[in-house]
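Peer 1: Residues per chain are reported as follows:
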Amino acid sequence: MTLTTFLEVLAILVGALSGFAEARNKRMDLVGVFIVAFITAFGGGTLRDILLDKRPLFWVLHQEYAILIAVLSLIATPVLNASHKFLPQRLIVIADALGLGLFSIVGVSTALEAGMPVFIASMMGVITGIFGGVMRDVICNEVPMVLRDGRPYAVCAFAGCWMYLAMQYVGVPSDFSLWVSALSITAMRLVTWAGDIRLG
Amino acid sequence: MTLTTFLEVLAILVGALSGFAEARNKRMDLVGVFIVAFITAFGGGTLRDILLDKRPLFWVLHQEYAILIAVLSLIATPVLNASHKFLPQRLIVIADALGLGLFSIVGVSTALEAGMPVFIASMMGVITGIFGGVMRDVICNEVPMVLRDGRPYAVCAFAGCWMYLAMQYVGVPSDFSLWVSALSITAMRLVTWAGDIRLG
Amino acid sequence: MTLTTFLEVLAILVGALSGFAEARNKRMDLVGVFIVAFITAFGGGTLRDILLDKRPLFWVLHQEYAILIAVLSLIATPVLNASHKFLPQRLIVIADALGLGLFSIVGVSTALEAGMPVFIASMMGVITGIFGGVMRDVICNEVPMVLRDGRPYAVCAFAGCWMYLAMQYVGVPSDFSLWVSALSITAMRLVTWAGDIRLG
Numbered sequence: 001m002t003l004t005t006f007l008e009v010l011a012i013l014v015g016a017l018s019g020f021a022e023a024r025n026k027r028m029d030l031v032g033v034f035i036v037a038f039i040t041a042f043g044g045g046t047l048r049d050i051l052l053d054k055r056p057l058f059w060v061l062h063q064e065y066a067i068l069i070a071v072l073s074l075i076a077t078p079v080l081n082a083s084h085k086f087l088p089q090r091l092i093v094i095a096d097a098l099g100l101g102l103f104s105i106v107g108v109s110t111a112l113e114a115g116m117p118v119f120i121a122s123m124m125g126v127i128t129g130i131f132g133g134v135m136r137d138v139i140c141n142e143v144p145m146v147l148r149d150g151r152p153y154a155v156c157a158f159a160g161c162w163m164y165l166a167m168q169y170v171g172v173p174s175d176f177s178l179w180v181s182a183l184s185i186t187a188m189r190l191v192t193w194a195g196d197i198r199l200g
Numbered sequence: 001m002t003l004t005t006f007l008e009v010l011a012i013l014v015g016a017l018s019g020f021a022e023a024r025n026k027r028m029d030l031v032g033v034f035i036v037a038f039i040t041a042f043g044g045g046t047l048r049d050i051l052l053d054k055r056p057l058f059w060v061l062h063q064e065y066a067i068l069i070a071v072l073s074l075i076a077t078p079v080l081n082a083s084h085k086f087l088p089q090r091l092i093v094i095a096d097a098l099g100l101g102l103f104s105i106v107g108v109s110t111a112l113e114a115g116m117p118v119f120i121a122s123m124m125g126v127i128t129g130i131f132g133g134v135m136r137d138v139i140c141n142e143v144p145m146v147l148r149d150g151r152p153y154a155v156c157a158f159a160g161c162w163m164y165l166a167m168q169y170v171g172v173p174s175d176f177s178l179w180v181s182a183l184s185i186t187a188m189r190l191v192t193w194a195g196d197i198r199l200g
Numbered sequence: 001m002t003l004t005t006f007l008e009v010l011a012i013l014v015g016a017l018s019g020f021a022e023a024r025n026k027r028m029d030l031v032g033v034f035i036v037a038f039i040t041a042f043g044g045g046t047l048r049d050i051l052l053d054k055r056p057l058f059w060v061l062h063q064e065y066a067i068l069i070a071v072l073s074l075i076a077t078p079v080l081n082a083s084h085k086f087l088p089q090r091l092i093v094i095a096d097a098l099g100l101g102l103f104s105i106v107g108v109s110t111a112l113e114a115g116m117p118v119f120i121a122s123m124m125g126v127i128t129g130i131f132g133g134v135m136r137d138v139i140c141n142e143v144p145m146v147l148r149d150g151r152p153y154a155v156c157a158f159a160g161c162w163m164y165l166a167m168q169y170v171g172v173p174s175d176f177s178l179w180v181s182a183l184s185i186t187a188m189r190l191v192t193w194a195g196d197i198r199l200g
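Protein chains in written order, with full-length UniProt numbering: chain A, 1 to 200; chain B, 1 to 200; chain C, 1 to 200.
Think of the hints as simulated: they come from the structure by calculation, not from any bench. Don't take every hint at face value.
Said to hold, decoys possible - When the alpha-carbon atoms are kept at most 35 Å apart in a straight line, the in silico DSBU-like pairs for lysine-lysine are as follows:
{"no.": "1", "chain 1": "A", "residue 1": "K26", "chain 2": "B", "residue 2": "K26"}
{"no.": "2", "chain 1": "A", "residue 1": "K26", "chain 2": "C", "residue 2": "K26"}
{"no.": "3", "chain 1": "B", "residue 1": "K54", "chain 2": "A", "residue 2": "K54"}
{"no.": "4", "chain 1": "C", "residue 1": "K54", "chain 2": "C", "residue 2": "K26"}
{"no.": "5", "chain 1": "C", "residue 1": "K54", "chain 2": "B", "residue 2": "K54"}
{"no.": "6", "chain 1": "A", "residue 1": "K26", "chain 2": "A", "residue 2": "K54"}
{"no.": "7", "chain 1": "C", "residue 1": "K26", "chain 2": "B", "residue 2": "K26"}
{"no.": "8", "chain 1": "B", "residue 1": "K26", "chain 2": "B", "residue 2": "K54"}
{"no.": "9", "chain 1": "A", "residue 1": "K54", "chain 2": "C", "residue 2": "K54"}
Unchecked claim - Examples of chain A residues toward chain B, derived with CB under 10 Å:
{"no.": "10", "residue": "A23"}
{"no.": "11", "residue": "R27"}
{"no.": "12", "residue": "I35"}
{"no.": "13", "residue": "I50"}
{"no.": "14", "residue": "L57"}
{"no.": "15", "residue": "Q63"}
{"no.": "16", "residue": "A70"}
{"no.": "17", "residue": "L72"}
{"no.": "18", "residue": "C140"}
Virtual Cβ for every residue (Gly too), placed ideally from N, Cα, C.
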């Protein structure tokens, strides 16, 4: 298993985890838990691929990811209830920040390969990073958290995407710029979260 | 008119009917009634075709179905008001269960023809069967019923899709397995509904 | 700048403006303001292009429109707060009616060029005209205004689309029928709004 695959799976698990938590809050049943987790984990990338007209979709190529979420759904509610005091908020935020960074940079690089102009590519990166959570909140009948809590989240993704675009422009090797910018997004998110920095 | 066409039209009418009922509850106007009914009847199949990148869409090939819903929208509200005591809940549940079975199995077989792996194909079946109702509830600003009421609904569709996949795998003729699995979904839904069986 | 481009930009600005207003009402942050404005301005056309499988999308070809909305988002909240008494409701309704007419007729003509049957083409026109607002309201956790307030809005778009289709059928030059039907939608909307006419 390569490092990329490892982080990809981690990002999906984190997405699913936040879906499990939201579905539990809404007192959903087993089916609701699976669907909300699935949408949270894959919604952003799926929307990006639909906008780019790219097929097959990510989770169609890797049906093992969908199966993984289905299996986890079966055990999510009891485990989450039991682990409540062992799963600190801090850990979830860290994992989520890793997912935000990775998904966003995969999104911007996919869009760039598909020939998108740079501003659109940066938007595709942000869409990939945040729209899983937006769809989760819409289906759970909430105003999406990312649109209203004032904490830098999409803004971190946006800044990191432009860091990636700038590094590509000046000729930095693709692998290196991918990792640096993804981790920069994660770092920006964690620093602003820890410092409780808010936008106006 | 073949039996398939007859059941297809029945499934669409049932979808539209549940859209009419929901739109009336939300006190929507004529346009709202049409749009909600349309989304309920065609939303699941449309999402499936977008995910599979399949065109033209089902309702584009059959514009008579869209016209039918438009005409019904004009008379839906007065008729629903008048027929309140003549349209028992039981009848709606039976028709809806028929629609769930038919749409789900059409969905899984379409996905299989499009070369999807089996688990993804079963998910496409469930998506086709339930997402019309999910979209109806999202646009009506409700947490989707199918995600939270604990009654086996998506689970029946999922089980029936796997029955279809298994019968295809062992070489049962396609037409026969289609009908048996679609009716099995309908039967599972009706039995669990009548027995008030709920998932955890 | 041609008249078409001018009206196109005007329609986008009006869509964005109604997104800014809604996002402010929901106390969204900067990111929310941008995303809601973007979805309102481009949601209808994007959904139409996805349903027609048409790429590249409108706003991908014109990334300057997306940049424009991003820049306006930065100044929208303070300007809207300051201009509250200088931006009468009447002006917004007029601009929005212009946008409705233009978007709807562009939608129906795009669908017709893509080979859609006429009733579907008229629906694509209405979708293009109204679904930006529908998505804005869904993401802001409201039942979409256009589905429930009883004022002729989608109905005006629908009537204008059929006027365009009829003029195309009898051989009226395309440019002329486009302008006449777009302005007719605008006029119908304004007259019914001014007269407070409501559907049942």
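Peer 1: So, for every hint listed, does it hold in this structure?
Peer 2: Here is what the structure says about each hint:
Pair hint K26/A plus K26/B holds up; C-alpha atoms about 22 Å apart against a cutoff of 35 Å. Between K26/A and K26/C the CA atoms are separated by roughly 22 Å; this keeps the pair inside 35 Å, and the hint holds. This hinted pair checks out: K54/B and K54/A have alpha carbons roughly 12 Å apart, not beyond 35 Å. Distance check on the hinted pair: K54/C and K26/C sit about 33 Å apart at the alpha-carbon level, within 35 Å; holds.
Our distance criterion of 35 Å between C-alpha atoms is met by K54/C and K54/B, whose separation comes to about 12 Å. Distance hint between K26/A and K54/A is fulfilled; the C-alpha atoms sit about 33 Å from each other, no more than 35 Å. Pair hint K26/C plus K26/B holds up; C-alpha atoms about 22 Å apart against a cutoff of 35 Å. The hinted pair formed by K26/B and K54/B meets the criterion: a straight-line CA distance of about 33 Å does not exceed 35 Å.
For the hint linking K54/A to K54/C, the alpha-carbon distance of about 12 Å falls within 35 Å, and the restraint holds. Because the smallest distance between the Cβ of A23/A and any Cβ of chain B comes to about 8 Å, under 10 Å, the interface hint for this residue holds. Of the supplied interface hints, the one on R27/A holds, with its beta-carbon coming within about 6 Å of a beta-carbon of chain B, less than 10 Å. With its C-beta approaching chain B no nearer than about 6 Å, I35/A sits inside the 10 Å limit, and its interface hint holds.
For the restraint placing I50/A at the interface with chain B, the shortest Cβ-Cβ distance is roughly 6 Å, inside the 10 Å limit, so the hint holds. Given the 10 Å rule on beta carbons, the hint for L57/A holds: about 6 Å separates it from the nearest Cβ of chain B. A hinted interface residue such as Q63/A counts as satisfied when its beta carbon comes closer than 10 Å to some beta carbon of chain B; here the least separation is about 5 Å, so the hint holds. Contact between A70/A and chain B, as hinted, is supported at the beta carbon level, the nearest pair being about 8 Å apart and thus within 10 Å.
Hint on L72/A is violated. Least Cβ distance to chain B is approximately 14 Å, over the 10 Å limit. Interface hint status for C140/A: upheld, as the beta-carbon distance to the closest one in chain B is roughly 6 Å, under 10 Å.
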